[in-house]
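Student: As they're listed, the protein sequences go chains A, B and C.
The first sequence begins at 1 in the numbering used here and counts up one residue at a time.
The second sequence begins at 1001 in the numbering used here and counts up one residue at a time.
The third sequence begins at 2001 in the numbering used here and counts up one residue at a time.
Hints in this document: simulated from the structure, not taken from any laboratory.
Given the structure is predicted, the values throughout are model-derived calculations rather than measurements.
One should not assume that every hint holds.
[Said to hold, decoys possible] Derived pair list, reagent style DSSO-like, types lysine-lysine, alpha-carbon separation capped at 27 Å:
#1 C:Lys2292 to C:Lys2215
#2 B:Lys1176 to A:Lys20
#3 B:Lys1176 to C:Lys2292
#4 B:Lys1023 to C:Lys2292
#5 A:Lys20 to B:Lys1276
#6 C:Lys2215 to B:Lys1115
#7 B:Lys1180 to A:Lys132
#8 A:Lys130 to B:Lys1176
#9 C:Lys2215 to B:Lys1180
#10 B:Lys1176 to C:Lys2215
#11 A:Lys132 to B:Lys1115
#12 B:Lys1118 to A:Lys132
#13 B:Lys1115 to C:Lys2292
#14 B:Lys1276 to C:Lys2215
#15 A:Lys130 to B:Lys1180
[As the list claims (entries may be wrong)] Here are a few chain A residues that sit away from chain B, every Cβ distance over 10 Å (derived from the structure):
#16 Leu61
#17 Gln65
#18 Leu77
#19 Pro125
#20 Arg150
#21 Val211
#22 Thr250
#23 Asp328
[Unchecked claim] Reference excerpt, derived from the structure (chain C facing chain B, CB under 7 Å, subset only):
#24 Ala2023
#25 Thr2025
#26 Met2031
#27 Gln2101
#28 Ala2105
#29 Gly2108
#30 Phe2119
#31 Ser2147
#32 Gly2149
#33 Pro2151
#34 Met2184
#35 Gln2185
#36 Val2220
#37 Ile2222
#38 Ile2255
#39 Ile2281
Where a beta carbon is used, it is the ideal one built from N, C-alpha and C, also for glycine.
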Amino acid sequence: MATLQLHNITKRFGDTEVIKGIDLEVNDREFVVFVGPSGCGKSTLMRMIAGLESATDGDILIDGQRINDVGPADRGLAMVFQSYALYPHMTVEGNMGFSMRLAGVPKEERRAKVLEAAKILQLEPLLDRKPKALSGGQRQRVAIGRAIVRNPSIFLFDEPLSNLDAALRVQMRIELARLHDELDATMIYVTHDQIEAMTMADKIVVLHDGVVEQVGSPMALYHHPCNRFVAGFIGSPKMNFLPVTLTGVTSDGVAIRLPGGGERSVPVDGAHLDPNATLELGVRPEHLVLEEHGPLSGEIKVLERLGGQTSLYVQMDDELITIMADGDVAYRVNDTVRFGFDPERAHLFDAGGQALSSLQQHPLAGLTRHDNRAPGSPSEEPA
Amino acid sequence: MTTLSSKTAAPRSVSGWRSAQSKRILLTLLGWTVALVIFFPIFWMILTGFKTESAAIADPTLIFSPTLESYQAVQERSGYARFALNSVAVAFGSTFLALLLAIPAAYAMAFLPTKRTKGTLLWMLSTKMLPSVGVLVPIYLIFRDTGLLDTRTGLIIIYTLMNLPIVVWMLYTFFKDMPKDILEAGRMDGASTLQEVFFLLLPLTLPGIASTGLLSVILSWNEAFWSLNLTTSNAAPLTAYIASFSSPEGLFWAKLSAASTMAIAPILILGWMTQKQMVRGLTFGAVK
Amino acid sequence: MNKTRASGRTVGGLRTLSLQAPAVTLLLLWMIVPLGMTLWFSFQYYNLLMPGMTGFAGLENYEYLLTDPALWAAMGNTLLLVGWVLAITVVGGTLLAVLFQQEFAGRGIARVLAISPFFVMPTVSALVWKNMMMHPSNGVLAWLSESIGLPAVDWFSSLPLTSIVIIVAWQWLPFALLILLTAMQSLDEDQVEAARMDGAGPVAIFFFITLPHLKRAISVVIMIEMIFLLTIFAEIFVTTSGGPGLATTNLAYLIYIRALLDFDVGTASAGGVIAIILANIVAIFLVRMVAKNLED
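Model the full assembly from the supplied sequences, consistent with the hints where possible.
Tutor: This is how it looks when you write it as structure tokens:
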């Protein structure tokens, strides 16, 4: 129902610049996740969109209209706070209807709208309760309900799940995704949890130190991180990095020598590489495979058996390498293992941490969450 | 678990239980003795108020036939109600004014802080530390020249200013404790500043505002330096009225007790109710 | 764009300023006007009984005051009063706080009884003590000492300052107890249990855990009491009127005598300045501590 554009947004608190010129485009009905480590500026960015914080510089546009000077309530947005920020002295119904009460909406109409939202969120039996008498998950739903009744063009979520326990978080994640389908609204979601970003987003915006590191679909970020920061931040467990030596550049990729002496060619564009460039190889733990004659080797320091999978922490020179292996591997601590990787799934980073671009796009890189649905399936599929 | 361990270690745990029990009895005795000794003068005063004047100066005893005659006499002969009314007017008047001045100031300090906010707060506190006696002369002269001597208005002005720093301070800490998110949610819901204050801030900080007000009432009610020096009869509150019992020594103990009991009873009860918040106000938040 | 930011800040600043203005202005007046007048009078010849004699007195009021033996007697009494009351209330308050922190039957009510004297107006407590407790023939204390065969003490003639100390300490002991008890409640139980596991007995726990934890609260109690005790007035006013002689005249009472009984505004003001200086020495430390507390 709405688009959002940010043009060169900056924010300074005193002398410290926390947002350093951000440009961003959010499309209609998109689910966009701002993700990054704490202190990266993601919450500040959202608060500026909400109008709770003014932008030092730059333009914020909703549906093409500049709204920098419009008050928070008049931007057509609704926000769900990390702490839920429910009004403790009002009932669930009072909380959800407060904005309409302020706007002078008649009581009957208010009630109808609250009921409608309560139905979507299964809050009907709780309407007369005070927030104190609700569980964490119920409070969360009331906070969302309060946003829904305002019928906003854009929903803002500020780390809404971080106060919930792990099980509830998974459940709410699913519920939020369902809500997005049901309401067909534009949503912006801030989190530090890359799993939430990967599972819910159409588009992820990775922020770091007040700048956008990369924008793209979850699969694009996973398969084609544009730099070392994004590569390390997206994906769990974290990507492994190894120093390698450049040995040659061909049209099929970049040839490198691995720490153990083995040679591989990674299919990335090395056309502009300096022959003496120092390079770093990045391979995700799930893409490292145990092989009897693999080019890499090291001693197992820690071994975590999760049942279906086993995480091996392998000492290689100065690096501790993580390998996700099969649940049934027979190794023990202090064993030496040999392992390798598929060069197609490896990444190369130059001295500045920038990724060398892949010669081939991953087939899933353009995929968004919506594309996971079978073509033509109705949007109200069972949750 | 408990049954199991008590079975296996029976002898030790029984003696342990015994010593814990005797320690508790000892503590109860000691605690109550100390409390009763400290409270005794108040207890004795309340008791004396129900005696006749002759019984009041007789040898101390707990056995006597209680009477309300002193209470009646206090009201009839000295017009207790007038002094009580002065106390009420002065305590509540000054509290109301102090709250009126302090709420906007504390709101600004808590929610729109500037670089100078902290300095302002500390400066306000430091005015509280100015000894009254140091400014007795000028205040007395100003009051004499402006006709404020022996008026309720005069006392109300003094008490408002005297309590203002504490009231601002306490409100500031209560407002500070209010989650900012809730006010922001209100703003997202379209609340103006006034609506924010009336629909969210005041209802949510009402307990804090109330206990701040009570502290101010207690302090004004019990204040005895200015009331003794600036009032004589018309505006004299209970502190000054009770002081008037000091001259004819030893003659009206029962009436003094009755009047005193009435004068301290409401404040004693308010004090019991708000002790926790009192600490916060009296120590400027330095002790939590 | 920078314009909006700059103007946004001033608008916020203006709002803050205008909301604080009434309170700040009044307090500023309340502080500066009387303070300035006290200071001014202290350098003037100004006696309400001698309207003709006015004019600049230089340091004469101070000289007169500082050479007046009454001032030194009053200073001595002030120090004794403050010192003794502080000693009694801080030591007693700490011990009582430890006692009332223990679990025992009816602890809540016992606590309420013990803090009650603090809420009693000073004129009431002074008169109750003077008449019903300390009266040489009909008081409870006289009856007590006679019933164990000792002669009754005539408190206010033979031990005047001690009597005042007892009354004031009775009022302020509950204050110390209340503050220290509150501070005690924030003591981490785990810390005490850890100390117990390390083999600390009750005495060791008191000296190594409880007392250090209370250090800050105790200093707050000392400072606040000092400020109030320096200017004790009503208790003296209704019991001894500063006597016999000057035995219970403290600085506050002396200023009162000079100002409202002798009508010597100049000397009284000089005394006021001295009282302000004394209080400010204490206040500086207290404000520093509160400021430090504001940071965290």
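Student: Looking back at the numbered hints, which does the structure fail to meet, lowest number first?
Tutor: Going through the list in order, the structure violates hints 2, 4, 5, 6, 9, 11, 12, 18, 20, 25, 27, 29, 31, 32, 33, 34, 35, 37, 39 and respects the others.
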